[in-house]
Amino acid sequence: MKLKSLLMGATMLACMGPAALAETITIATVNNGDMIRMQGLTDDFTAKTGIDVEWVTLEENVLRQRVTTDISTKGGQFDIMTIGMYETPIWAKNDWLVALNDLPDSYDVNDILPAMRGGLSVDGTLYAAPFYGESSMIMYRTDLMEKAGLTMPDAPTWDFVADAARKMTDKGNEIYGVCLRGKAGWGENMAFLTAMSNSFGARWFDMDWNAQFDSDAWKKTLTFYLDLMNDAGPPGAANNGFNENLALFQQGKCGMWIDATVAASFVTNPKDSTVADKVGFALAPDAGLGKRGNWLWAWALAIPAGTQKEESAKKFIEWATSKDYLALVASKEGWANVPPGSRTSLYENPEYQKVPFAKMTLESINSADPTNPTVDPVPYIGVQFVAIPEFAGIATQVGQEFSAALAGQQTAEQALEKAQALTNEEMEAAGYK
Amino acid sequence: MARAVSTRKKTFYTIAAWAVGLIIFFPILWIFLTSFKTEAEAISDPPSFLFFDWTTENYGVVQERSNYVRFLWNSVILSLGSTVIGLIVAVPAAWAMAFVPGKRTKDVLMWMLSTKMLPAVGVLYPIVLIARYFGIYDSYLLLITVLMLINLPIIVWMLYTYFKEIPVDILEAARMDGATLRDEIIHVLTPMAIPGIASTLLLNVILAWNEAFWTLNLTTVNAAPLTAFIASYSSPEGLFYAKLSAASTMAIAPILILGWFSQKQLVRGLTFGAVK
Amino acid sequence: MATQHSRSAARFMISPAVILLLGWMLVPLIMTLYFSFLDYRPLRGIFDCCVGLENYSRFMGSSSFWDSVTTTLSMVGGILAITLVLGVLLSLLLDQPIWGQGIVRILVIAPFFVMPTVSALVWKNMFMNPVNGLLAYLWKFMGLQPIDWLSEMPLFSIIVIVSWQWLPFATLILLTAIQSLDSEQIEAAEMDGAGSLSRFVYIIMPHLARAITVVILIQTIFLLSIFAEIFVTTGGAFGTRTLTYLIYQRIIESQNIGLGSAGGIFAVILANILAIFLMRIVGKNLDA
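Chains as they are written, first to last, in my numbering: chain U, 1 to 433; chain V, 1001 to 1276; chain H, 2001 to 2288.
Some hints here could point you the wrong way.
Now the stretches of chain V that chain U is said to cover, found in silico as 3 or more residues with beta-carbon under 8 Å [as the list claims (entries may be wrong)]:
| hint | stretch |
| --- | --- |
| 1 | 1120 to 1128 |
| 2 | 1211 to 1224 |
| 3 | 1227 to 1234 |
It is worth saying that the hints were derived from the structure and are not from the lab. Keep in mind that this is a model prediction, so the values were computed, not measured. Think of the CB as a built atom: it goes at the ideal place given N, C-alpha and C, for glycine as much as any other residue.
Turn these sequences into a full structure, and let the hints guide you.
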């Protein structure tokens, strides 16, 4: 008995000892460049606050699997989770996240871009702080565009893009006019295709939650995409996601690439990109219906409810998403490598305005409207996603059908038919109808 | 015994075997080579084989970003721990099955194997909830237990088939001499069983080392092994072949080296009763 | 022969393993069974008892279910076929007198030590990628159009990747079996003028029957739960969605634990049917 209490005392001391000296918080994050940079700068945070940080850096799909399981079982493994604009409102509604409504004045919460703040809030309360935000835009090769005898307007149409892509394509020399996402997944090809379909006047659901894949607008979207990719896309496009296309573009194999605005800093970075000085930017295309095919996304830091280290976690979020952090990165790595798309003040900074893609990124972000994403009215929020819990599962299955169509295993009609059936089936089972 | 073989035949077989061996080994060699290239070199067209500027910068980047030693240490603890505890549980069971077979021995053995067919993802939530209930998430205790349990059937099976080949007469002779059960195990059985136990140990260390579902889903920091280390290098933004190769080399090198040095021991007991 | 005493001792020695495995099997299984009768969707905050057999009928009723069963069977079958055929040939080759046998054997067993995630990542990105992959260069070098492996022949590609990992295992077991073959028997057959083909068919193959059944049994157990290779390469697209992967999608991606658990129960049943089937064959072979 004595021994036991002694042991217990020792254990408690061992547990409390370090906690009294320095608390350690555990942060789950995705292995994107900006986060890895943040990880490298952790010492600055520890020096300022005395709080230690353990990083769990995982590939995006694995990260999602881990944090979702953890939060839905209240596993309590993380003090901060890196989540997106899709998860935030759903989790917040379940009371799974700590509200970030008591941030100090110095943090200047009003400085956060309104689009980002809106997407990460529920009923006006912020639940996750944007680490970086993005929309999508066209990145194109100025030299190839010139060679094709064309000039890229700031706000092109899909017809122009398709025409330019076909003219730039030179398969013999492994130049492909356009690289687009084809890899199945709600955050991969479906992010692109859903945003694209918005500009073609399509939508996921009508006001009564009926799937709309049988509409002409979706048929037009998918056939346009498939025809374009078959004529001017790279081989193996059905397995290309963001990373694969980035690699192709950096190698100089793509004429145009429509994807996340954060990619701009990678393709213009001469260290990794062979075409760093030949990249131009333009808004995502439209089809004359008043909506552009660009999305809106933010990687944000959120605190799961129930963590014992809420105060320390808040301190970290204040540090990582502050203006000072942006200045810190700029002083170490240059303005082009600052995490973009989160703060208004960044875009007002004359130093940052010199970055070639700053203006187009801001314009793209501002032109996306999650509350009013489509031409026809919809019952949901979200540009390239539908902010309901069932969406990820459904969209990944739909994405697999579309990806199979791109791989030539089925026609656009067959893919849409299956998508329509499975979406309606899932929605019915989920109790929407 | 010695069949006379012409040198010509031997040359032919040697060339064929080496060719096949190199083809099979090539992907691993390629990972190793790529890990010393720059990212640009890694995707150069045409691919460079040996003549490129060898650089260790990828290892530097990986080392700077993650605490490789901790992941490695956890891998060692988990794979060894689960295997040793598995052996402690399995040796008596396999011994009993092999030497005192009952009517249902075979059924029990088969049933044990069938537990390995539970789809891991199907029981993920139950296990996570149990782990949370006992507060042992991300601990050696949990991971060693889970890894031990998923490999236990294989351990029992391997030992059983090996023990069965040990002639019973020897045991009976020992029993005649008045040896107790303990003596039997310690002095008679163990020396004969060592090769089988050694190869069982090796095989299961390998299996536990490479297990990537539970080790990824039940760990965060404290018990995270090399499989979690790899998950932070798979498909990040930008070019990553060289860094992925460096991380992969670091993840597989320890077990590969162990495997190579112990392959004789591994092979000796790896029969699963396939040899009569 | 065995005394009452040793019997009870034996029972005592077996029991830890049996109890542990029983616990490991029953506790999660009962929980899964329980979940499968619930409407359990954590993202909606729903945890409702009880929906009867609804989850089962939905899981069975969707067209993806039967597709996934066929995919699972063809994937496992394909991998078994490749590893067995190549494994027999390779072990015959390695049994021949060669210079540097030890090194060749090391080269051949190396893939077995590679983590499935690593091997899938490397095959996908560095070999099968149609633009930057090594196979694409090889094809271009030969003047052919590079193949887009993972979307043109996705199932075959995954079978190749997994076979590469498991070929060493099959080869090793088969090789040990071949080496145990009485060489006098072969010599006698040679004397009798039996050609190498008939030697193979009448002497070597029957001798290998046990080893082959063992390889089938052990590999099937592991192959039924293939996950990392699919997760990393196709993510279940292009008809590579196995039953395990389908359950993963239901539970993790759709966060419908009830539905996924029903799928899990099906997978257990399927695995046990296969197991009984296999055990019959193996059991018979091992008794002999």
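Problem set entry | 8 Å C-beta criterion, at least three residues: is the stretch 1211 to 1224 of chain V covered by chain U | Result for this restraint: holds, n = 5.
Exercise. Are there three or more residues in the stretch 1120 to 1128 of chain V whose C-beta lies within less than 8 Å of some C-beta in chain U?
Worked result: holds (count 3)
Exercise. Per the coverage rule (Cβ-Cβ under 8 Å, at least three residues), is the stretch 1227 to 1234 of chain V covered by chain U?
Worked result: holds (count 5)
Every hint from the earlier list agrees with this structure, and none is contradicted.
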